[in-house]
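Chemist: Listed here are the chains, written in short residue letters.
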Amino acid sequence: MHVSRRNLLMGAGVAVTALPPGKTDGAQAPATPGTAATTQTTPGRVTTLNGRSLDWRMVDGAKEYHLIASEFEHEFAPGCKARCWGYNGSTPGPTIEAVEGDRVRILVTNNLPEPTSVHWHGILLPNGMDGVSGLTQPPIGVGETWAYEFTLRQNGTYLYHPHADEMTQMAFGMMGLFIVHPRIQHQPVCQRDFAFILHNYALRPGSYRPDPSVMTDFDLWTFNSKVFPAIDMLNVRLGERVRIRIANLSMFNHPIHLHGHRFMVTGSDGGRWPQVSWRPEVTEIVGVGQTRDLEFVADNPGDWALHCHMSHHTMNAMGHGIPNPVGVAQAALADRLGALLPDYQPMGGNGMYEHAEHASMGHMQGPENTLPMAMGRGPFGPIGMGGMMTLLRVRPDYRDGVDPGWYSGDQQPRARRITARSEADETDHSSHHR
Amino acid sequence: MKFRLLSVITAAATLGVSSGCSTVPVQSSRQQAQALLQRSAGTLAQFPDNAEAAENELRTLLAAPLDATAAIRVAWLRNADAQAACAQLGISTADIFAASRPANPQLGLAWLWPSPHGGDRKLDGTLGFSLDDLIRLPSRRQYGAVELRAAQQQLAAKLYALALDTLDAWLEAAASQQRLSVRRAIAESAQTAAELAEQYRLAGNINAVETALQAAAGTEAALSLSRSERDASRSRSRLRQILGLTATDPALQLPTNLPAAEALTFEAQQLHAEARSQRLDLAAARSEVESVSLRLAATRRFRLLGGSAVSVLGEQEGDSRRTGIGAGIELPLFSQGQSAVARATAELQLAEAHVRQLEVSIDAEVDAQLEQLARAYDEYRQYRERLIPQRESIVARLSEQANFMLTGPFELLLARQQSYSAYEGAVDALQSWWQSRVALARALGAPLPMPVRGN
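Residue numbers (the working numbering), protein chains in the order written: chain E, 1 to 434; chain L, 1 to 455.
Misleading hints may appear alongside valid ones.
Computed far set for chain E versus chain L, every beta-carbon distance over 12 Å [what the hints assert, rightly or not]: (1) Glu71; (2) Arg103; (3) Asn253.
Pairwise CB distance ranges (calculated) [claimed, not checked]: (4) L:Gln357 to E:Ala339: 48 to 58 Å; (5) E:Arg336 to L:Ser224: 14 to 24 Å; (6) E:Ala339 to L:Ala208: 23 to 33 Å; (7) E:Ser408 to L:Gln390: 50 to 60 Å; (8) L:Pro65 to E:Tyr353: 43 to 53 Å; (9) L:Gln390 to E:Ser213: 18 to 28 Å; (10) E:Asp211 to L:Glu385: 25 to 35 Å; (11) E:Arg336 to L:Ala53: 45 to 55 Å; (12) E:Arg421 to L:Ser421: 42 to 52 Å.
Take a look, some chain L residues computed to stay more than 12 Å from chain E by CB distance [to be verified]: (13) Gln83; (14) Ala84; (15) Phe129; (16) Ala212; (17) Ser293; (18) Leu313; (19) Thr345; (20) Gln349; (21) Gln382; (22) Arg384.
To be clear, the hints were calculated from the coordinates, so they are not data collected in a lab. Glycine residues also receive a C-beta, built at the ideal position from the N, C-alpha and C atoms.
Bound-form chain L, shown alone:
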């Protein structure tokens, strides 16, 4: 008996091994997601082998002024959402791996002792296999592979979106810092005018109203500076948050200037086509449609195949030993799998609707961001090529007039503040350009726009 039972277990184990007993391929699944991300992010999406190397890299990145590239690296290494998304792929991979394996055979054993009234000891053994599971296995593996691809695409899409979110936050923080430096200069100019007015007042040359006007302008500029400091602080905190930095991490250093904008020419129709071929989330949605289609087909094919099983039976009673086989099949009397087919059909419709929704939003977003990008660049160019030189020219000409006693220092200092305001407008326009650039990349699923140099 022992020998025979052991042979049944051995047979089951052999079947398991022969059907591909292996570890769950979480690591390779993540590597495939990383390969997908590299299509949009290039070598930036190569990650350290271990946690220690990651920490070393983080320390190096945070020790220098944080450019946009470094910010994305830090976010990928530290952001908890990124880590959660990676973990989620592990769960999905495990689930899909499990679904692609045949169900383990059921081994049943029963010992019956003789009763006080007589009879022999009885030993029953049963080794059962789900026939239904074995029949459906090839289909499950087929759409399981597609689902795994979709999960990898979703992870890559999330990491890509995180990179763009990080860029947005980095741009806001860097722009806020630049705006802050402009506001500081405006406040210095206004404060200098106020202190100069005090000197004029002390000399007896201007009255209390004129002095108070300059003092009030100085105070207003100081208040405006304070608001800018709040904005800069808030945007810096948001950046730290998205980077995944904690209070124990070092303070952020940001570049003093935003990167330069550049003239870009796009063909909208071509961009629509590129977006449909590049967007990872669209690819994931299409993979979802594919896997749901396969599942629906399998559901239809095996709709009459309910729970069915085969088993090998063994019995020993006293000296009598018997072996045999058994089979069970579900009779489709009350349900012929209609609900499963209906559900799978609805799931397919849902997945297809999701694809269409994405396609529509991609087209709209691409068009909107193209418009935003063009206008922001035009504004930036007008600031740089017209307003700033115009304002600087006014300061230069007024300085000449002041040298010849044709105008006073207060008008000159006010003109200086207006010239600084033109720089602030240019920073706003440049930030808008970069944000549109990032939004367009997001809409296109295109390679990341990587600002690296200050302007």
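In isolation and in its complexed conformation, chain E is listed as follows:
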């Protein structure tokens, strides 16, 4: 896959228009990758990164939603697509939003080639509505539509996902957020409420369908089934209170780290925590099958990384077990390698930065349908990341729907060069004790 510089210049002024509360169209295609979640959240509504909320209508005293499970083509980032499974044409499926006390009826149509079911992860409901195929209900057969109906007796950040052939169906992307808002808004009120699910895909380089048999060796680590730099950025105005809801349906725990801010962990899939239980963090591990709500005041302007702190989760596919090239003097053999393998670019002798630089400039020919392991380019050069990574962009003058661009930070101090390369080269670092 050839990744051009243009593909990697993210956030190029494309904005997602706010969806009216309760009026979203569940059949719409997912938002364009590489855009930014730029609209201020209406209290009682969440902004699903690269996604949307599911529309509903009142029928017989219940909010009725309709999820349609099917296969479709999904794009993880420009240059990488796969045949995934999901709901209403997207992975994750549209976010279900409701209010504590609501009676909800969720119709589920199965357009998959095999039976399915839907489990409402963390929701307190009658046993027969729990959606465990074979245990609490027969499976939803191919082509059938089933109804789940229950009253919401809690609020918080929850999930929905299949409980029939989970290994396959979740590996293909079947999942969604289920947000239950409180009857009375939590205080202090958040002006921005973002939500995303952590997941992983074994999409082997050059292939077009995730491999459900993989347990640990994944290729793509995603926020809402997107990888950096195609993940929506979190744009906020300086001083706004921000909530970030994170759910984890992947096979690993993920330490999610936010730069430049200290946040409070205010809730989980157990619901909102009492304030005395809140704790300040800059990194919060979101365990497998868990959700976490993080809240903070965006009081530090700039472009701030928000990412999983496992470094292999902030990159795309890399061969595991390949000979390590760092420190290898390949230059002596470069001509011979070039004669034998004209399309091969030996790299990595000094580390992987060179690779990231070439990838960010689109200078390298990689496999079809495959993203470079490190990509993205910022105002100061290659960012060299992928996977579970996006940006929190805090601006004093941020206006909804307008791309704030890269942070200039003219009035802020910035790290500076002290010595030029030539001077540094003359310094004898070898005499330093370490």
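Take the given structure of chain E and dock chain L to it, following the hints.
Modeler: Quick look at chain L alone, frame taken from chain E:
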């Protein structure tokens, strides 16, 4: 007396001249053999007029990369077997020429001196002719002409076979050289991998086993290259030998690539018929049957005619002179020529058996080579259209993977070696195709397949 004796000799000489006194037609016989060869080899079978022109041509041919056509020319000009076959035709022509001439008359002279007791000097002269020889002469000339044709056909067949042998040797040498270049590339790839492994080892990134595995693979590839060099050297020597080159002749230059194969469609029945009409050795065997038949017929016709002769006699004794004639005939009392007839009959059966044997082997060989040719072409096509592109595609895709750090350089270099091996397989298949093509031409006696361009 002198006058009369002289007149007898003169009469004999006159008879000789009148019966066609001439030189033995070796040159024209060879030209006729060459004309036969041209039916299979075209203008390639035109030879220089003299030895100097032949040497000049040889020098020119050996100065450039030797293509198949040039190789055949060199073999025809230099190969000792070819020269021996030409000489053999000269011997056959001389023998047949001799057999087609009447035997020379016998002149006998005798002087008797008077004895001390008296008597006159006596002088006897006899001029004798073999009547038997004269009677058989037309038959001998008839089957002699057929035998001469057979000898010319045999020479043409030998030169044609030499051309095909040369093609075989040239193909082997050219293919060996091409295989050698592939093996050299494989060895370079394996050696590069081994040296790269050393660098990885020096950087502390791989262990001794991984380093040794690459080193051993490099050594194995080098050994394989050495074997290929031996093969190439051996096949080159064999080609020099068949070309008739000596140590003082220049080194051979061969084209870098074998000529391309082409899809050929044949109808087996038609080829069998063509082979029977084209094969020079079959034509020679049939000529042999014809000549032996004529000889048998003559043997039967003159079976009772033994040695018979007529002679003119002259005698002078003193003053008395007398002339007269004499005749002698073999009486068929104890042998009536049965053994000669039986021998000639057996010779005919032998010649006919030889023809049948050739016909059977021609049919079998044509069928076998058609099968070989078709299979070799199919293999060659599979290498060219499937395996080589597949292997090249693997290298290209693995290069992309290596660029994205998804695979390592050693796997990539191994894939490169496998792609080179596919080229080696294609060379083998192409050589097999050409060898079958040559073998089919040999079976058919067809015009020479002339590969001239590299592939």
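Chemist: Hint by hint, note whether the structure agrees.
Modeler: Hints and how they fare:
With a closest Cβ-Cβ approach of about 26 Å to chain L, Glu71 (chain E) is found to remain outside the 12 Å limit, as its non-interface label requires. No beta-carbon of chain L comes within 12 Å of the beta-carbon of Arg103 (chain E); the shortest separation is about 51 Å. Every beta carbon of chain L lies more than 12 Å from that of Asn253 (chain E), the smallest distance being close to 25 Å; the non-interface claim holds. Taking 48 to 58 Å as the suggested C-beta distance range, the pair Gln357 (chain L) and Ala339 (chain E) conforms, at roughly 57 Å.
Arg336 (chain E) and Ser224 (chain L) have their C-beta atoms about 19 Å apart, which keeps the hinted 14 to 24 Å range intact. Between Ala339 (chain E) and Ala208 (chain L) the Cβ separation comes to about 29 Å, which falls inside the hinted range of 23 to 33 Å. Remark: the range hint 50 to 60 Å for Ser408 (chain E) to Gln390 (chain L) is upheld by a beta-carbon distance near 53 Å. Between Pro65 (chain L) and Tyr353 (chain E) the C-beta distance comes to about 51 Å, which sits within the given range of 43 to 53 Å.
Between Gln390 (chain L) and Ser213 (chain E) the beta carbons are some 27 Å apart, a value that agrees with the proposed interval 18 to 28 Å. The beta-carbon spacing between Asp211 (chain E) and Glu385 (chain L), approximately 32 Å, falls within the hinted interval of 25 to 35 Å. A hinted range of 45 to 55 Å holds for the C-beta pair Arg336 (chain E) and Ala53 (chain L), which are about 50 Å apart. Remark: the range hint 42 to 52 Å for Arg421 (chain E) to Ser421 (chain L) is upheld by a beta-carbon distance near 46 Å.
At roughly 48 Å, the least C-beta separation between Gln83 (chain L) and chain E is larger than 12 Å, which holds for a residue marked as non-interface. The non-interface label for Ala84 (chain L) is consistent with chain E: the shortest C-beta to C-beta separation is roughly 50 Å, beyond 12 Å. Every C-beta of chain E lies more than 12 Å from that of Phe129 (chain L), the closest at about 88 Å, which supports listing it as non-interface. The claim that Ala212 (chain L) lies off the interface holds: its Cβ sits roughly 14 Å from the closest Cβ of chain E, which is beyond the 12 Å cut-off.
The claim that Ser293 (chain L) is not at the interface with chain E holds, since no C-beta of that chain comes within 12 Å of its own (minimum 70 Å). Distance check on Leu313 (chain L): its Cβ is at least 99 Å (rounded) from any Cβ of chain E, clearing the 12 Å threshold; non-interface status holds. Distance check for Thr345 (chain L) against chain E: the nearest CB is about 73 Å away, which clears 12 Å, and the non-interface claim stands. For Gln349 (chain L), the requirement that its beta carbon stay farther than 12 Å from each beta carbon of chain E is met, with the minimum near 67 Å.
Every Cβ of chain E is farther than 12 Å from the Cβ of Gln382 (chain L); the closest lies at roughly 25 Å, confirming the non-interface assignment. Non-interface status of Arg384 (chain L) relative to chain E is upheld: no Cβ of that chain comes within 12 Å, the nearest being about 21 Å off.
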